[in-house]
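**Q** Position in the sequence shown (from 1) plus 9 gives the number in the working numbering.
No lab work stands behind these hints, which were simulated from the structure alone. Heads up, a few of these hints could be off.
To be verified - Cβ-Cβ distance ranges computed for the label pairs, FRET-style:
1. His19 with Val59: 18 to 26 Å
2. Gly79 with Ser53: 32 to 40 Å
3. Trp78 with Ile48: 38 to 46 Å
4. Asp36 with Trp78: 26 to 34 Å
5. Pro77 with Thr50: 42 to 50 Å
6. Phe68 with Leu43: 25 to 33 Å
These figures come from a predicted structure and were not determined experimentally. Where a beta carbon is used, it is the ideal one built from N, C-alpha and C, also for glycine.
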Amino acid sequence: MFLFRGRESHPRSFVKAVSWRTLGSIDTFILGFLFTSDIKTAGSIAGTEVVTKILLYYFHERLWALVPWGHGGRQEQQDALTATVTQS
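Produce the entire structure from the sequences given, and follow the hints as far as they go.
**A** As structure tokens, this is what we get:
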């Protein structure tokens, strides 16, 4: 399944999405608990948003993988490496 082509593999984007969402869900749970003082409500909020946020992040990453800005071309990377080696 190729939705978008880019520099990162689909599995890498997915693992990044899951790890980021885990951190985000912990944050959401804590905030939900602070606002409601109810563990069940905080858990419901965090549990509900986890799936949608993983998908949103995944597609966000895949779209950004298509944007060449900030990546530099292969020649730019080689020039930067050469400059670093010659400065040592």
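**Q** The structure should be examined with respect to each hint, and the outcome stated for every one.
**A** Evaluated hints:
| no. | hint | in the structure |
| --- | --- | --- |
| 1 | His19 with Val59: 18 to 26 Å | holds (20 Å) |
| 2 | Gly79 with Ser53: 32 to 40 Å | holds (38 Å) |
| 3 | Trp78 with Ile48: 38 to 46 Å | holds (43 Å) |
| 4 | Asp36 with Trp78: 26 to 34 Å | holds (29 Å) |
| 5 | Pro77 with Thr50: 42 to 50 Å | holds (44 Å) |
| 6 | Phe68 with Leu43: 25 to 33 Å | holds (30 Å) |
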